[in-house]
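For the sequence shown, my numbering gives the first residue as 66, with consecutive numbering after it.
Simulated from the structure, these hints should not be mistaken for lab results. A few of these clues could be false.
What the hints assert, rightly or not - No farther apart than 27 Å at their CA atoms in a straight line, the calculated lysine-lysine pairs in the DSSO-like style are these: (1) K88 to K122; (2) K122 to K150; (3) K122 to K87.
Claimed, not checked - Taking CB as the label site, the calculated pair distances span: (4) K150 to N183: 16 to 22 Å; (5) L178 to V157: 19 to 25 Å; (6) P155 to A186: 56 to 62 Å; (7) K122 to H152: 22 to 28 Å; (8) E112 to D168: 45 to 51 Å; (9) G135 to R108: 50 to 56 Å; (10) R121 to P155: 33 to 39 Å; (11) S126 to E167: 26 to 32 Å; (12) V157 to R179: 18 to 24 Å; (13) L149 to S102: 44 to 50 Å; (14) Q123 to I163: 37 to 43 Å.
The beta-carbon is built from N, C-alpha and C at its ideal position, and this holds for glycine as well.
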Amino acid sequence: MGARRALIVFSRHSPVLWHQMKKLESESAAAMTEPLSSEQLLRQAQELQEQLSEQRKQISSTVVEGSAGGGVVRVGMRADGTVLKVHIDPDVVHISEIDMLEDLVAAAFRDALRRCGNAQAAAMTRVDAPSTTEREV
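My request is simple: use the sequences and hints to build the entire structure.
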(Lines of atoms letter the chains of each structure in order from A and count residues from 1; the text may use other names and numbers.)
(Lines give C-alpha, C1' and ligand atoms only; values in the text may rest on other atoms or scores of the structure.)
Protein backbone atom coordinates (compact mmCIF):
# COMPACT_ATOMS: atom_id res chain seq x y z
CA MET A 1 0.00 0.00 0.00
CA GLY A 2 1.46 3.37 -0.93
CA ALA A 3 2.06 5.97 1.76
CA ARG A 4 -0.58 8.34 0.37
CA ARG A 5 -3.17 5.54 0.29
CA ALA A 6 -2.20 4.58 3.84
CA LEU A 7 -2.82 8.17 4.93
CA ILE A 8 -6.24 8.16 3.32
CA VAL A 9 -7.18 4.86 4.96
CA PHE A 10 -5.90 5.98 8.38
CA SER A 11 -7.57 9.40 8.11
CA ARG A 12 -11.00 7.79 7.97
CA HIS A 13 -10.34 6.08 11.29
CA SER A 14 -8.57 8.82 13.21
CA PRO A 15 -8.40 12.54 12.52
CA VAL A 16 -5.59 12.74 15.10
CA LEU A 17 -3.55 10.22 13.10
CA TRP A 18 -4.25 12.15 9.89
CA HIS A 19 -2.93 15.40 11.39
CA GLN A 20 0.12 13.66 12.87
CA MET A 21 0.95 12.15 9.48
CA LYS A 22 0.47 15.48 7.69
CA LYS A 23 2.80 17.03 10.27
CA LEU A 24 5.36 14.30 9.57
CA GLU A 25 5.16 14.96 5.85
CA SER A 26 5.71 18.69 6.26
CA GLU A 27 8.54 18.21 8.77
CA SER A 28 10.28 15.68 6.57
CA ALA A 29 10.05 17.99 3.57
CA ALA A 30 11.47 20.90 5.53
CA ALA A 31 14.13 19.01 7.50
CA MET A 32 15.59 16.74 4.83
CA THR A 33 16.63 17.00 1.24
CA GLU A 34 15.14 13.59 0.48
CA PRO A 35 11.58 12.79 1.55
CA LEU A 36 10.87 9.71 3.61
CA SER A 37 10.22 6.60 1.58
CA SER A 38 6.77 5.07 1.40
CA GLU A 39 7.95 2.27 3.65
CA GLN A 40 9.22 4.72 6.27
CA LEU A 41 5.97 6.69 6.22
CA LEU A 42 3.97 3.48 6.49
CA ARG A 43 6.12 2.27 9.41
CA GLN A 44 5.63 5.59 11.19
CA ALA A 45 1.89 5.46 10.51
CA GLN A 46 1.77 1.97 12.01
CA GLU A 47 3.66 3.17 15.10
CA LEU A 48 1.18 6.02 15.52
CA GLN A 49 -1.74 3.66 15.05
CA GLU A 50 -0.37 1.39 17.80
CA GLN A 51 0.01 4.37 20.14
CA LEU A 52 -3.52 5.52 19.36
CA SER A 53 -4.86 2.04 20.02
CA GLU A 54 -3.21 2.03 23.45
CA GLN A 55 -4.64 5.47 24.22
CA ARG A 56 -8.15 4.34 23.18
CA LYS A 57 -7.86 1.43 25.63
CA GLN A 58 -6.82 3.83 28.36
CA ILE A 59 -9.68 6.20 27.51
CA SER A 60 -12.26 3.43 27.65
CA SER A 61 -10.99 2.36 31.09
CA THR A 62 -10.99 5.90 32.54
CA VAL A 63 -14.12 6.71 34.56
CA VAL A 64 -15.26 10.30 35.12
CA GLU A 65 -18.14 11.71 37.12
CA GLY A 66 -20.12 14.85 36.37
CA SER A 67 -22.34 16.47 38.94
CA ALA A 68 -24.84 19.27 39.38
CA GLY A 69 -26.69 20.90 42.25
CA GLY A 70 -23.83 20.37 44.66
CA GLY A 71 -23.73 16.65 43.93
CA VAL A 72 -27.44 15.88 44.24
CA VAL A 73 -27.35 14.66 40.64
CA ARG A 74 -24.29 12.70 39.49
CA VAL A 75 -23.50 11.01 36.18
CA GLY A 76 -20.73 8.41 35.91
CA MET A 77 -19.25 7.79 32.47
CA ARG A 78 -16.28 6.16 30.85
CA ALA A 79 -14.12 8.71 29.08
CA ASP A 80 -15.23 7.20 25.76
CA GLY A 81 -18.76 8.49 26.48
CA THR A 82 -20.36 5.28 27.76
CA VAL A 83 -22.83 6.12 30.53
CA LEU A 84 -22.32 3.88 33.56
CA LYS A 85 -24.69 5.30 36.15
CA VAL A 86 -26.99 8.18 37.04
CA HIS A 87 -27.55 9.01 40.69
CA ILE A 88 -30.33 11.33 41.85
CA ASP A 89 -30.59 12.15 45.54
CA PRO A 90 -34.12 11.10 46.57
CA ASP A 91 -34.50 14.29 48.62
CA VAL A 92 -34.63 16.38 45.42
CA VAL A 93 -37.32 14.31 43.71
CA HIS A 94 -40.51 16.34 44.00
CA ILE A 95 -43.16 16.17 41.31
CA SER A 96 -43.70 19.92 41.56
CA GLU A 97 -40.02 20.58 40.79
CA ILE A 98 -39.51 18.14 37.91
CA ASP A 99 -38.25 20.96 35.63
CA MET A 100 -35.45 21.73 38.06
CA LEU A 101 -34.53 18.04 38.30
CA GLU A 102 -34.42 17.75 34.50
CA ASP A 103 -32.11 20.79 34.36
CA LEU A 104 -29.84 19.24 36.99
CA VAL A 105 -29.64 15.95 35.07
CA ALA A 106 -28.77 17.80 31.85
CA ALA A 107 -26.13 19.86 33.68
CA ALA A 108 -24.60 16.72 35.21
CA PHE A 109 -24.39 15.10 31.76
CA ARG A 110 -22.73 18.22 30.31
CA ASP A 111 -20.23 18.20 33.17
CA ALA A 112 -19.48 14.50 32.64
CA LEU A 113 -19.06 14.99 28.88
CA ARG A 114 -16.70 17.91 29.48
CA ARG A 115 -14.64 15.67 31.76
CA CYS A 116 -14.66 12.95 29.07
CA GLY A 117 -13.28 15.45 26.58
CA ASN A 118 -10.56 16.49 29.02
CA ALA A 119 -9.57 12.86 29.62
CA GLN A 120 -9.48 12.18 25.87
CA ALA A 121 -7.38 15.28 25.19
CA ALA A 122 -4.95 14.33 27.96
CA ALA A 123 -4.58 10.83 26.54
CA MET A 124 -4.01 12.08 22.99
CA THR A 125 -1.29 14.52 24.05
CA ARG A 126 0.72 11.47 25.06
CA VAL A 127 0.75 10.21 21.45
CA ASP A 128 4.13 11.16 20.01
CA ALA A 129 4.91 11.42 16.34
CA PRO A 130 7.97 9.37 15.37
CA SER A 131 11.04 11.42 14.60
CA THR A 132 11.35 12.44 10.96
CA THR A 133 15.11 12.52 11.24
CA GLU A 134 15.29 8.73 11.53
CA ARG A 135 16.50 7.19 8.33
CA GLU A 136 16.80 3.59 7.34
CA VAL A 137 20.21 2.71 6.04
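A quick look at each hint next to the structure:
1. Distance restraint check for K88 and K122: the Cα-Cα separation of roughly 24 Å lies within the 27 Å cut-off, and the hinted pair is therefore satisfied.
2. The straight-line distance between the Cα atoms of K122 and K150 is roughly 20 Å, inside the 27 Å bound, and the hint therefore holds.
3. For the given pair, K122 sits about 24 Å from K87 by alpha-carbon distance, which is consistent with the 27 Å threshold.
4. Roughly 19 Å separates the CB atoms of K150 and N183, a value that falls within the hinted 16 to 22 Å.
5. The supplied range of 19 to 25 Å is met by L178 and V157, whose beta-carbon atoms lie about 21 Å from each other.
6. Checked against the given bound of 56 to 62 Å, the beta carbons of P155 and A186, roughly 35 Å apart, lie outside it.
7. Range check, K122 to H152: Cβ separation about 27 Å, and the 22 to 28 Å hint holds.
8. Between E112 and D168 the beta carbon distance is about 46 Å. The supplied range of 45 to 51 Å therefore holds.
9. Checked against the hint of 50 to 56 Å, the C-beta distance between G135 and R108 comes to roughly 52 Å, which is consistent with it.
10. Checked against the hint of 33 to 39 Å, the C-beta distance between R121 and P155 comes to roughly 37 Å, which is consistent with it.
11. In this structure the hint that S126 and E167 lie 26 to 32 Å apart at CB holds, the actual value being about 31 Å.
12. One distance hint, 18 to 24 Å for the beta-carbon pair V157 and R179, holds here, with the actual separation near 22 Å.
13. Under the hint 44 to 50 Å, the C-beta atoms of L149 and S102, about 46 Å apart, fit the expected range.
14. In this structure the hint that Q123 and I163 lie 37 to 43 Å apart at CB holds, the actual value being about 38 Å.
The structure does not agree with numbered hint 6 stated previously, though it agrees with all others.
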